[in-house]
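**Student:** Heads up: the sequence lines are chains A and B, in that order.
In this text, residue positions in the first sequence follow the working numbering: the first is 15, and each later residue adds one.
In this text, residue positions in the second sequence follow the working numbering: the first is 16, and each later residue adds one.
Quick caveat, the hints were computed from the structure, so don't treat them as lab data.
Take the hints with a grain of salt, since some may be wrong.
What the hints assert, rightly or not - Simulated crosslink set (DSSO-like; lysine-lysine; CA at most 30 Å straight-line):
1) B/261 x B/197
2) B/171 x B/341
3) B/91 x B/76
4) B/186 x B/175
5) B/119 x B/341
6) A/60 x B/239
7) B/341 x B/375
8) B/91 x A/87
9) B/186 x A/81
10) B/175 x A/246
11) B/186 x B/263
12) A/87 x A/246
13) A/60 x B/171
14) B/91 x B/261
15) B/239 x B/197
16) B/261 x B/186
17) B/197 x B/186
18) B/261 x B/63
19) A/87 x B/239
20) B/261 x A/60
21) B/186 x B/91
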Amino acid sequence: MKSNQSLTRRKDPAWIVWALLAPSLIIMLVFTVYPVFRSIAFSFTKYRLGMDAPEFIWLDNYQRLLKSGTFNKVMVNTVVYALLTVLPSMIIGLGLALLVNRPGKQVGFIRTSYFYPSVMPMIAIASVWMFIYMAQNGLFDQVMIALGFGAQNVLSNRNTVLPAMALMYVWREAGYLMVFYLSGLQAINAEVLEAATIDGATGAKCFRHITLPLLAPTSLFVSTIAFTNSFKLADHVIIMTEGAPNNASTLLLYYIYQQGFTNLNYGLSNALTVIMLVLLLIFSLPRFFSQDRKIHYS
Amino acid sequence: MMKRILSLAISLLLLLSMATALAGDAPLELSMYFPVNVGGSAAALIEKMTEDFNAENPDIKVSPVYTGNYDDTVTKIQTAIQGGNPPDLFVSLATQRFTMASTKMAMPLDGLIAADPEGAAFIDDFIDGFMLDSYVEGAIYSIPFQRSTMVMYYNKDAFKEVGLDPEAPPKNWTELVEYAQKLTNENRWGVGLALNSGSAQWAFTGFSLQNCTNEVGLMSADGKEVYFNTPENVEALQLWLDLQNKYKVMAPGIVQWTDLPTQFLAGQVAMIYHTTGNLTNIRNNADFDFGVAFLPAGRQYGAPTGGGNFYITSGISEERQQAAWKYIRFMCSTERAAQWSIDTGYVATRESAYETDLLKNYYADFPAALVAYEQLPYAQPELTTYSAAEMWRILNDNIQAAVTGEMTAEEALQTAQEQGEELLYDFQ
């Protein structure tokens with residue numbers, strides 16, 4: 015409290031405060047706030063390349079989207095893809111963190127090798143996995159053929175294309191989430207666990223009743239990151255399938271890209287961007303509101 | 016000390032650049048965006064040809080900018096135009112011409128052609144099949160450059176193995192099915208088609224032209240109407256589904272465009288539909304005897320053309336337009352068209368190119384390369400309408416829906432027709 019007062023006593027002139035804030039504030043206003051409002055404004059217009067000026071059409075873009083079978087399919091894909099990736103990559107991330115949360119000379123190397131896929135650019139990963147999933151001659155199909163299942167050609171089947179891509183993404187994301195869990199685990203006071211062990215709690219019980227609850231803030235944070243990350247993906251769709259077959263693998267961000275940059279339909283792609291924004295907001299809200307409730311911060 | 020040296024160096028550099036700028040008339044600098052869909056060697060070739068042009072025309076300096084594939088190039092041109100710094104000319108798909116015209120990205124070239132004393136003769140010499148998709152509302156918007164068409168590659172060794180005459184590839188759909196059935200065994204499919212997004216509509220244009228009774232296949236020449244759901248087109252799509260499901264002579268699902276030649280070269284498919292642009296690749300890598308053939312006919316022969324044309328950006332100064340036109344004339348000259356064809360496998364776009372010794376010797380040495388040219392009289396432009404990219408997507412998506420069993424052939428083409436009509440509503 016005391017140190018707090020001493021801080022407030024020194025009154026800097028307002029302009030210094032603003033000057034210090036300015037660089038990040040300006041960047042945020044120019045590259046985040048302004049584009050967001052511009053997108054919202056354009057989402058109410060009919061605007062294609064070649065038109066002299068955008069034409070105001072209120073909610074027509076949104077109505078058109080709601081009626082469109084493709085849009086509904088894309089939204090379902092986006093949510094399914096998030097569900098297929100978020101929980102598995104969190105569980106595997108936590109598992110990896112538990113495995114490498116110990117001292118030792120080789121642990122550093124193992125941690126690095128678990129983490130390295132998330133350092134690779136998504137485009138490189140997608141290119142490599144495309145060879146794995148390549149029909150008939152890819153590694154995956156070769157294994158399937160050897161096991162007697164025959165060539166699967168997973169990327170061309172509307173039921174397997176999303177799970178196949180999700181598997182790739184989990185492989186990449188788990189190592190990244192591991193790092194957060196690792197720091198969460200290391201923040202847990204060892205004395206608590208020690209006390210529990212002395213009281214006779216087994217490893218599993220310790221994990222269930224101590225480690226997991228104490229990791230709750232980490233889990234919340236990780237799930238927010240994992241969800242928003244999974245919505246922000248387009249590169250691998252462009253590389254691997256371009257949404258095939260029949261939009262079975264089209265995700266929202268790719269759809270935005272396609273409407274804006276391939277079809278040159280700016281109005282519609284802005285409306286989709288606004289929907290994306292809302293979606294991201296919804297998934298970030300839990301973390302925002304529950305900061306200090308129900309979550310145990312150690 | 017360091018600082019002084021640095022400032023000295025900088026001022027020297029500035030002086031130097033001013034001096035070069037003042038010395039004589041600086042050449043007119045043009046930038047050109049170009050995509051390459053078949054790999055890096057063609058990009059190097061374009062740069063080489065441009066250097067020759069710059070050397071021959073000291074008052075003009077064209078800088079070619081490699082901009083990725085065809086889609087990326089459109090995106091980059093669009094961004095450059097919005098940023099107020101467009102390229103002066105560019106290569107884009109011939110099928111993009113309606114979009115280029117309606118979005119005012121490209122300008123009509125008739126004025127430049129009329130002003131050029133050899134302009135009319137230059138245009139006349141282009142092969143008709145390629146010139147077909149240069150027009151928008153009667154005006155010429157683009158000049159054929161890297162053009163291709165689809166042919167059938169077949170494995171002669173496999174033909175011999177199953178007792179088929181290796182010099183007699185299937186001439187029509189009936190023979191296609193019959194031969195494919197003979198050629199199929201547990202390690203090999205009889206026939207292969209690439210059905211991924213961006214490829215399905217190209218092959219389907221061919222099948223539609225082979226089977227149609229309206230002479231135009233999928234769309235009207237003015238790019239304002241589509242005819243996806245005709246009984247003939249449904250029949251064509253049904254043939255694809257039958258090859259997969261009924262006769263089981265084609266791999267089920269969607270085979271990728273880039274995987275298909277690999278499978279052919281590995282002996283896993285006996286006959287494939289692919290671009291002439293792949294001829295050099297297949298010639299260099301096949302360890303078996305292969306043949307090149309016309310696409311088997313339905314009611315008649317038919318094949319799609321494709322590939323890229325030159326466009327000039329609208330809104331640039333007259334001086335720049337003239338320079339850009341001069342460059343296009345140079346790049347499409349008879350000898351260069353011939354050499355370009357030999358080096359890349361694209362089809363030479365000028366009639367006169369086929370009279371050159373260069374091409375004559377090439378064909379004498381490698382007759383398979385001539386098949387694409389002989390097939391050209393039956394070839395027509397691939398699917399093109401206003402909003403071409405979106406229309407492609409519509410047809411691709413619905414074909415894929417049929418191939419993956421989501422819809423029947425008739426439902427798929429009916430849906431495509433409805434979506435296509437809605438898309439074109441604004442342009443009618």
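**Student:** Of the numbered hints stated earlier in the document, which are not met by this structure?
**Tutor:** Checked against the structure, the hints that fail are numbers 2, 9, 10, 13, 14, 15, 18, 20, 21, while the rest are satisfied.
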